[in-house]
Amino acid sequence: MRIEPVIPKPKKKRTLVSRRVAVIGGIGLVLLGVLFFRLWSLQIVTGDKYLAEANQNRTREVRVPAPRGRILDREGNVLVDNRTSMALQLDPIELPSETPERRELFTRIGEVIGKSPEWVRRKVRDEITGNPEGSPITLVQDVDDDIVYYLQEHQANFPEVQVNRIFVRKYPQGILAAHILGSIGEVTAEDLEENPEKDLAAGDTLGKTGIEQTYDDVLRGSPGDTRLQVDSTGRIVSQLPSTMPEPGDSVRLSLDQDVQAAGEASLQSIGLNGAFVAMDVNSGEVLGLASNPTFDPEIFTRPLTQKQVDDLYDEDLGAPLFDRAIGGQYAVGSIFKPITALAGLDAGLITPSTVINDTGTISIADQDFDNAGKQPHGPVDLRRSLEVSSDVYYYLLGADMNGTRQLQTWAGNFGLGKATGIDIPGESEGLVPTPKWLNEAHQEEPEYYDPWVIGQNIQFAIGQGYFQASPLQMAVAYAALGNGGNVLKPQLMLQTEDAAGRVVSETEPIVTGHAPIDPADRRVIMEGLNDAAQSPEGTSYQVFGGFPVKVAGKTGTAERTGEADQAWYAVLAPYPDPEIAVVVTVEEGGFGADTAAPVALQVLQAYFDKQAKPVSGGTGSVE
Amino acid sequence: MDGWLAFSALGLLAISLFTLHQAFGQNLVGAPEQYVQRQALYGLVGVTGMIAVSRIDYSRFRELRVGIYTFLCASIFAVFAFGVAARGSTNSLELPFFTFQPAEPGKLLLILALAGFVIDGARKGSAGQRTIRILALGLVPTGLVLLQDLGTSLVFAAITFAIMVAAGVRWSHLAAIGGVLAVFIAIVLVALPAAGAPVLKEYQQERLTSFLSPSSDIGDAGYQQNQAKVGIGAGGTTGRGDQATQSRFGFVPERHTDFIFAVVAERYGFVGAALVLSLFALLFWRALRLMTLSKNFYGTLVAAGIAAAIIFQVFVNVGMNLGIMPITGIPLPLMSYGGSAIIATFLMIGVLQSIHIESHAAQRGPWID
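Protein sequence lines correspond, in order, to chains H and A. Each step along the first sequence adds one to the number in the numbering used here, with nothing skipped, and position 96 is 96. To convert a position in the second sequence, counted from 1, into the numbering used here, add 1000.
Since the hints were derived computationally from the structure, they do not count as laboratory data. The structure presented is a predicted model; accordingly, all values stated were derived computationally and were not measured. For every residue, glycine included, the Cβ atom is placed at its ideal position computed from N, Cα and C. Please note that the accuracy of each hint is not assured.
Stated by the list, open to error - So, partial list: chain A residues that the calculated Cβ filter (under 7 Å) puts toward chain H: (1) Trp1004; (2) Gly1168; (3) Trp1171; (4) Ser1172; (5) Ala1175; (6) Gly1179; (7) Gly1235; (8) Gly1239; (9) Val1271; (10) Leu1288; (11) Val1318; (12) Ile1324.
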């Protein structure tokens, strides 16, 4: 018996709807039923077969590293090259998660490579920390051949271990230009996060410092891919079509190997901390740049020991990793004087013929300011002031320009007080002191800074006081003096070349600023600098008096509290139309002519020796 | 609100998030939880949208049918004009922070508009004219989308078919349409290529037919699909968990989007995969139930369209994972990673909820309560 519905429904529509619902529902149920049946058949009925098949599929894409591009000097001498090394690596995915199994693996591997399980455990831990997920764990690099053969023969016993060919940097010129070249290292998790555009993957290498860092995109190349299918015993079943790695382009530096070697050897022979920079005054190309003490770049190709790391930063050893040429900030002493002179001329305080009577000392604002050793130079004009390096002449200019900013402006005209933009990291900006800056510093830290007094400007006039610059900045400033006023960006890269040696891109000179030097003023200053180097009464005559090329050079002797004087030398050659600027500094080197000028001499010697050779087609005048 | 309906939808989203977390938590260097976070955000937007839509009387959409239909066609045209390519198909618009696929909400728009037109023309013309009218209105957007994305146009076609069935189109008409379709497919896939004038590009044809002959050649579409099948099979009854090498090592392609079902099946086995299918079955049943409960015929048609859209996508996607359907790039509703699809599907659920709420209000009537 049927119960009649309480509310009468429009009967026809309802039957229609329920029939149609039944059709759609029926189709849906059939579809779902098919899926359920297929799922059941795959997973429950034939699951074991597929599980076995899945276990045959053990490994995935393997990245084939690309050889990095080489780094060459300007003549094509190889400074950085690659060598291949067999590395014993563990795939982190293959690491057992259970401790006993891990210990067993470490023991097994340790026996082959002759290390204790504990050593292997530590090594694995160290390699995992800091590296992104999935990076191969390199246990040993430069594995002996017999171990490689043993592992290949017994691959089935070591499914987790791979012997891979990796590229390692090599340095045919030894320690030459270590600070410039820089080092490479494995990508870190931060590298991956910060450079999403670079197509990096765990296990890749990346330039970390120096040229390797700046031109990493050029040098790195792109890795290839190989798809390996490995069965559960670790045997490679098939190696599938892969993309070939593309080697990176080479970077040809403006560096001249011989100039560089001469400067480095000379600095090392002195045995003190120091630096030199040699630069083409017209293009900004850096011909040589070094810092002493230095280090062997080779050490970065292997894992560093803690002692090696400590030594690289050890102040007592001179912090060898620190590049004084670009990162050192020093008072520069008298090599600053040409800039003070240009400021004074521009301000109308002096003319080239203005004569001042230098009595060896002068008293300004109740304070005595002395020449070196209080030595009087008598009546001096501009040219003579540079030749004999009269301090009194410049003290007076500093005093007259106190509060006018003229000296600060001219220091700025030469690019001082800001980074030069050289194409390696680690540059310091130096400091051009102004009353505003010092008074603010005094407000913030009265225990360290006194307020500005006239004495600050007087000290600044001879490159002392709070003024600081790096050897590189002074080289850029002297190059500007040498070329008539263009402040150039110093550049280490000359061009990039592909693997076949074809030029891919070339560097153009970049002018970053201009010092408005009056040509007549410049001539007088160059005369004074030439006198200083090569006239008998000049401050560096003892060094450059006999040099066959005419030069314009200035000594500097900067006082540093608590230390012996720092020696400086800045030189432009050939005089009067210079091609090259060289700046040298030697910490605790005493008088500029004693330690710094001889280094500059060696650098110029190497430079002009090369110019003398007809093949190079140089324009240097050799007498 | 229909509690079972909401439960099934949220349950599927939860499984999606859990799987993305477990399967990709370790693999994505730098941003391990990127997929989970974004998917959760899409889910949140979707659920909010669902609740908002459920409060609207869906019958209003019927009045807007012409506007909805125009907007639908315009948005598909916008892809022609400004679209960006992703995975071989140009079907997305690049918006700030988001790549938007108009075809995803387009499925719902088609349902709402087409159902409206059916009611509109219910008493006009002969049965044959009515059939042709619905068919034409459904096939215009279907054809437009076909030029961009084969998979989506199949969903559009399924929707059109379901609404026609629900609208009471005569069986003879449906049979005729089916016959024409079969002939058309035969011509496109078999006859024309044989005659030397292929309509589909070679890779399209390969994708469509490769599941019939799984290949062992790496790089082949068939190889990848076969790897997904191997992964599912290897999952067995209870799954392989972290040992799920097929999905973990990238043998399974598009793991977070089109092949997420394979990841679930390998990691959690038959238990997990059957749970997913059961939740879809629950969802489908609740949608069918609303066809009968609806206060008006428009709601019946809309529920039919939504039920068909979801179950059709599930069948094509899971079938592709299981190696019995071709690769068409149709996402698994509520599970595949992707904002447009997640949000659009929740909006569909929202419309179903509105049908549910309205039917109860109508049954209670104004005098009770």
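Problem set entry | Hint validity - Val1318 of chain A Cβ closer than 7 Å to any chain H Cβ | This hint holds: Val1318 of chain A lies near chain H, its Cβ roughly 5 Å from the closest one there, short of 7 Å.
For this session: For the hint on Ser1172 of chain A, just tell me whether its beta-carbon gets within less than 7 Å of chain H.
Result: For Ser1172 of chain A, the interface hint is violated, since the closest Cβ of chain H sits about 15 Å away, which is over 7 Å.
Problem set entry | Cut-off 7 Å, beta-carbon criterion: hint that Gly1168 of chain A touches chain H | Status holds, d = 5 Å.
Exercise. Does the interface hint hold: is Gly1235 of chain A within less than 7 Å of chain H, judged Cβ to Cβ?
Worked result: holds, 6 Å
Exercise. Given Gly1179 of chain A as an interface hint, is the shortest Cβ-Cβ distance to chain H below 7 Å?
Worked result: violated, 18 Å
Exercise. Going by Cβ atoms only, is Leu1288 of chain A closer than 7 Å to chain H?
Worked result: holds, 5 Å
Problem set entry | Status of the hint placing Trp1171 of chain A at chain H (closest C-beta pair under 7 Å) | This hint is violated: Trp1171 of chain A lies away from chain H, its Cβ roughly 9 Å from the closest one there, beyond 7 Å.
Exercise. Can we keep the Val1271 of chain A interface hint, with Cβ of chain H closer than 7 Å?
Worked result: violated, 9 Å
Exercise. Holds or violated: is there a CB of chain H closer than 7 Å to the CB of Ile1324 of chain A?
Worked result: holds, 6 Å
Exercise. Is the shortest C-beta separation between Trp1004 of chain A and chain H less than 7 Å?
Worked result: For Trp1004 of chain A, the interface hint is violated, since the closest Cβ of chain H sits about 16 Å away, which is over 7 Å.
Problem set entry | Given hint Gly1239 of chain A near chain H, where the shortest CB pair must fall under 7 Å | violated, 9 Å
Problem set entry | Minimum beta-carbon distance criterion (7 Å), Ala1175 of chain A to chain H | violated, 13 Å
Hints 1, 3, 4, 5, 6, 8, 9 from the list above are not met by this structure, while the remaining hints are.
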